[in-house]
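Go ahead and model the full structure; you've got the sequences and the hints to work with.
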Amino acid sequence: MQHLVDGDLASNQHGWQWTAGSGTDASPYFRVFNPTTQAEKFDPTGDYVRKYVPELRGIEGKKVHQPQDNPPNGYPTPIVDHAHERQVALDRYNKIKA
415 MQHLVDGDLA SNQHGWQWTA GSGTDASPYF RVFNPTTQAE KFDPTGDYVR KYVPELRGIE
475 GKKVHQPQDN PPNGYPTPIV DHAHERQVAL DRYNKIKA
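Under our numbering, the first residue of the sequence shown is numbered 415, with each subsequent residue one higher.
A portion of the hints provided could be inaccurate.
[Said to hold, decoys possible] Just the calculated beta-carbon pair ranges, DEER-fashion: (1) 465 - 415: 32 to 42 Å; (2) 457 - 512: 16 to 26 Å; (3) 419 - 474: 36 to 46 Å; (4) 499 - 429: 15 to 25 Å; (5) 428 - 483: 30 to 40 Å; (6) 425 - 463: 11 to 21 Å; (7) 475 - 502: 26 to 36 Å; (8) 452 - 507: 28 to 38 Å; (9) 428 - 451: 18 to 28 Å.
[To be verified] Restricting the straight-line Cα-Cα distance to at most 27 Å, the calculated cross-link-like pairs of lysine-lysine (DSSO-like) are: (10) 465 - 477; (11) 465 - 455; (12) 476 - 455; (13) 476 - 465; (14) 477 - 455.
Hints are computed from structural coordinates only; laboratory data are not their basis. Note that CB positions come from ideal geometry on N, CA and C, so glycine has one too.
Pasting the structure below:
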């Protein structure tokens with residue numbers, strides 16, 4: 415917890431277990447979160463992102479959720495295509511279920 419900026423044992427423990435599908439109230443296997451979509455939905459102005467990601471503070475408005483479109487100097491490019499990887503994960507789950 416000491417490495418988390420907003421760490422809270424009760425909240426984080428259950429949140430992580432829920433997301434991993436191993437908690438007492440686990441998410442369904444087909445619900446794969448996209449962090450960009452979640453940020454756009456729950457932080458539409460980007461204030462939270464700018465507060466905790468100093469490299470993105472210079473990006474105004476909603477554009478902060480798509481930094482790869484005009485990345486700040488030295489900011490890493492995305493390493494995951496969320497839509498593709500979601501489908502890969504679902505295909506694997508479906509193969510196991512079959």
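Structure-based check of all given hints:
Separated by about 19 Å at the C-beta atoms, residue 465 and residue 415 break the suggested range of 32 to 42 Å. The hinted window of 16 to 26 Å between residue 457 and residue 512 is violated, with their beta carbons roughly 38 Å apart. Distance hint check: the CB atoms of residue 419 and residue 474 are about 22 Å apart, inconsistent with the given range 36 to 46 Å. Distance hint check for residue 499 and residue 429: the Cβ-Cβ separation is about 20 Å, which falls inside the suggested range of 15 to 25 Å.
Between residue 428 and residue 483 the beta carbon distance is about 34 Å. The supplied range of 30 to 40 Å therefore holds. For the pair residue 425 and residue 463, the supplied restraint of 11 to 21 Å holds, since their beta-carbon distance comes to about 19 Å. For the hinted restraint 26 to 36 Å between residue 475 and residue 502, the CB-CB distance of approximately 32 Å keeps it satisfied. Take residue 452 and residue 507: their Cβ atoms lie about 20 Å apart, and the range 28 to 38 Å is violated.
The beta-carbon spacing between residue 428 and residue 451, approximately 21 Å, falls within the hinted interval of 18 to 28 Å. For the given pair, residue 465 sits about 15 Å from residue 477 by alpha-carbon distance, which is consistent with the 27 Å threshold. For the hint linking residue 465 to residue 455, the alpha-carbon distance of about 17 Å falls within 27 Å, and the restraint holds. Between the alpha carbons of residue 476 and residue 455 the distance comes to roughly 11 Å, so the proposed pair stays at or under 27 Å and holds.
With a CA separation close to 14 Å, the supplied pair residue 476 and residue 465 stays within the 27 Å bound. The straight-line distance between the Cα atoms of residue 477 and residue 455 is roughly 13 Å, inside the 27 Å bound, and the hint therefore holds.
Of the numbered hints listed earlier, those contradicted by the structure are 1, 2, 3, 8.
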